[in-house]
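Enquirer: Model the full assembly from the supplied sequences, consistent with the hints where possible.
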Amino acid sequence: MPELSRRRALTAAAALATVAGVQTVTAPTATTASATPAGSTASTGSTGGHDHHAPTPTPTPFDEVYKGRRIQGGPASGGGHEHHGGGYAVLVDGVELHVMRNADGSWISVVSHYDPVPTPRAAAGAAVDELQGAALLPFPTG
Numbered sequence: 001m002p003e004l005s006r007r008r009a010l011t012a013a014a015a016l017a018t019v020a021g022v023q024t025v026t027a028p029t030a031t032t033a034s035a036t037p038a039g040s041t042a043s044t045g046s047t048g049g050h051d052h053h054a055p056t057p058t059p060t061p062f063d064e065v066y067k068g069r070r071i072q073g074g075p076a077s078g079g080g081h082e083h084h085g086g087g088y089a090v091l092v093d094g095v096e097l098h099v100m101r102n103a104d105g106s107w108i109s110v111v112s113h114y115d116p117v118p119t120p121r122a123a124a125g126a127a128v129d130e131l132q133g134a135a136l137l138p139f140p141t142g
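Take 1 as the starting number for the sequence shown in my numbering and just add one per residue.
Mixed in with the good hints, there may be bad ones.
Using 16 Å as the maximum straight-line C-alpha spacing, the simulated EDC-like pairs for lysine to aspartate or glutamate come out as follows [claimed, not checked]:
# : residue 1 : residue 2
1 : Lys67     : Asp129
2 : Lys67     : Asp93
3 : Lys67     : Glu3
Between beta-carbon pairs, the in silico distance windows are [claimed, not checked]:
# : residue 1 : residue 2 : range
4 : Gly68     : Thr141    : 22 to 30 Å
5 : Ala12     : Tyr114    : 26 to 34 Å
6 : Tyr66     : Tyr114    : 18 to 26 Å
7 : Val65     : Leu137    : 41 to 49 Å
8 : Pro140    : Gly105    : 25 to 33 Å
It is worth saying that the hints were derived from the structure and are not from the lab.
No experiment lies behind these values; they were computed from the predicted model shown.
The beta-carbon is built from N, C-alpha and C at its ideal position, and this holds for glycine as well.
Expert: If you want it as structure tokens, here you go:
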């Protein structure tokens, strides 16, 4: 029999935890079973109750100076990555800041990708903070 190594022990523990987690998630509970009447075909749909095509409010346009940098935001006028930003463009000193709306409604940019913020204006401000005076370079589109 092979000697039990730390790697094998951790692999076995991870496999057991995964199996236990899957059984917990997929096992029906008494609350779920009793909440749906017998013979009912109630369902949240294939999207899990989320309507991915529901209209979301368009953020308010802005044009201001933040820490000496001009930040602007408004509806996109074509030519950009409109799908990710929800048809909204953000500029820092006239250079487009690539922004993306997350599924939860928060926004991220290429400059502050791991720090979601509530609005495109906040994304522009976070980018200015992160740039620390450096120029924003255009996002490659090809």
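Enquirer: Against each hint, give a clear statement of whether it holds in the structure.
Expert: Verification of the supplied hints:
1. Lys67 - Asp129: Holds - the C-alpha atoms of aspartate 129 and lysine 67 are around 8 Å apart, at most 16 Å.
2. Lys67 - Asp93: With Cα atoms ~12 Å apart, lysine 67 and aspartate 93 stay inside 16 Å; holds.
3. Lys67 - Glu3: 62 Å, violated
4. Gly68 - Thr141: 22 to 30 Å: Given a distance of about 27 Å, which is inside 22 to 30 Å, the answer is holds.
5. Ala12 - Tyr114: 26 to 34 Å: 33 Å, holds
6. Tyr66 - Tyr114: 18 to 26 Å: Once the Cβ atoms are compared, 21 Å apart, the range 18 to 26 Å for tyrosine 114 and tyrosine 66 holds.
7. Val65 - Leu137: 41 to 49 Å: Violated: the Cβ-Cβ distance is about 21 Å, outside 41 to 49 Å.
8. Pro140 - Gly105: 25 to 33 Å: Since the Cβ atoms of proline 140 and glycine 105 sit about 27 Å apart, the hinted range of 25 to 33 Å holds.
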